[in-house]
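Engineer: Assemble the whole structure, with the sequences as input and the hints as a guide.
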Amino acid sequence: MTKPITAVLTLQLAEEGKLSLDDEIAMYLPELAHLTVYDGVTDFFGQAGPWGSLQNVTTPTDRSSAQKDSAEANFRATSKADSELLARRQGFLSHPATRNATIRELLTHTAGFAYGDNLGHPVDDAYDEALLTDFYGHTEIDFLRTLADIPLLTEPGTEFHYSLGFDVLGVLLGRVGKKPLDVLMKEKVFELLSMHETGFFIPMKKLWRLAPMKVAEDMEGLGAKLTELSATEDPPFKSGGGGLISTAQDYLKFANMLLRKGKSKEGRQVLGEKSVEAMTSNQLLPHQLPYHMAGFPDFEGSGFGYGVMVVGDGEVSPSSPLGEVSWAGLASNSWWISPQQDTALVAMTQVIPFDRTLEDLVKPFFYKPFLHEGNQKEEEKGGGSRSLRGSAERLEEV
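Heads up: the sequence shown at position 176 corresponds to 176 in full-length UniProt numbering, and the numbers run straight through without jumps.
Hints are not guaranteed to be accurate.
Claimed, not checked - Calculated lysine-lysine pairs in the BS3-like style (CA-CA distance at most 27 Å, straight line):
(1) Lys265 <-> Lys188
(2) Lys188 <-> Lys206
(3) Lys206 <-> Lys18
Hints in this document: simulated from the structure, not taken from any laboratory. Just so you know, these numbers come straight off a predicted model, no measurement behind them.
Structural biologist: Following this line, the structure appears as structure tokens:
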């Protein structure tokens with residue numbers, strides 16, 4: 001739920017001329033100027049292993065004595081700089097990226113970064129081992145330096161990979177705006193939308209209002225941490241990819257702003273209409289579709305905008321009307337806007353790991369009065385993919 005807010009802040013700074021979406025990220029983050037791209041994994045002696053087959057990587061005990069001696073001699077002959085590079089790359093084979101990623105690619109998860117979260121790829125494993133998503137144990141500089149030492153999954157711009165791109169983007173925005181990310185969000189988004197109960201932590205006096213986390217048995221420790229520690233402690237690293245705490249009422253103000261083409265309920269222009277249209281339209285190229293996220297089927301017929309999912313010809317679920325724009329959060333929180341019905345919906349829970357049950361239960365009921373009629377009219381028109389171009393005259397926040 002944090003990522004779309006980061007996307008809006010990015011587009012605001014672009015409108016102000018402080019950045020371009022096609023700027024390379026190294027213009028603002030020189031720490032990420034010399035990234036490499038994953039080719040494989042190695043053992044201590046430099047034996048290559050295939051993608052995702054760490055168990056098949058040859059180890060010293062698998063070789064003859066002569067092979068070991070030869071490998072050791074070659075390794076000792078390697079220059080100090082090269083051996084330090086090998087150690088820094090954590091046993092990866094990689095090559096220099098052909099170019100630097102752009103801000104636009106951070107917004108669309110096509111910059112080549114990974115996410116970690118036990119997804120199975122060696123690069124994801126390295127993210128997990130480095131605790132890259134522990135925003136209470138890292139500073140921004142720690143985060144960038146560690147990230148720079150791990151190869152990209154792919155060349156920038158080639159594939160969609162749900163990633164830490166928005167976390168990188170948050171650091172970049174702080175440098176461009178010359179203020180901490182949380183201050184920029186407050187000044188440029190929350191205050192304009194009267195989102196007074198949204199931030200990266202809550203005062204102790206409000207802790208009683210925080211819904212307890214419901215977690216699977218093997219995630220109880222994480223649930224306790226998210227419910228207590230993360231809620232009341234101001235994290236040293238404010239992430240553009242996650243960590244905001246809010247209420248359904250507050251977030252509905254943000255969703256309705258997008259539905260109103262960038263305007264607050266009071267008529268303040270928070271984001272330009274063209275920027276809203278771009279954010280809520282598919283931005284992925286044909287070779288990047290269909291896109292995939294672990295734990296979900298390929299989103300056939302759907303696109304991805306700037307930090308949001310956009311429903312096109314195919315339906316992510318039977319309850320998703322054409323043109324619907326949405327996103328979700330770690331604890332099974334979700335929001336949807338439908339320009340067809342001029343409607344916004346926010347549903348919040350405290351359930352991890354992420355579960356789509358609430359969506360399947362709530363959305364059919366919510367859309368029932370007009371969902372089938374609206375889709376039927378589109379079919380009669382021969383409609384295809386739609387983006388956020390419908391009118392937004394139903395402005396009540398209910």
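Engineer: Between Lys265 and Lys188, is the straight-line Cα distance small enough, at 27 Å or below?
Structural biologist: 15 Å, holds
Engineer: Please verify whether Lys206 and Lys18 have alpha carbons no more than 27 Å apart.
Structural biologist: It is violated: about 36 Å lies between the C-alpha atoms, which goes past 27 Å.
Engineer: With the threshold set at 27 Å, check whether the alpha-carbon distance from Lys188 to Lys206 stays at or below it.
Structural biologist: 24 Å, holds
The structure shown violates just one earlier hint, number 3.
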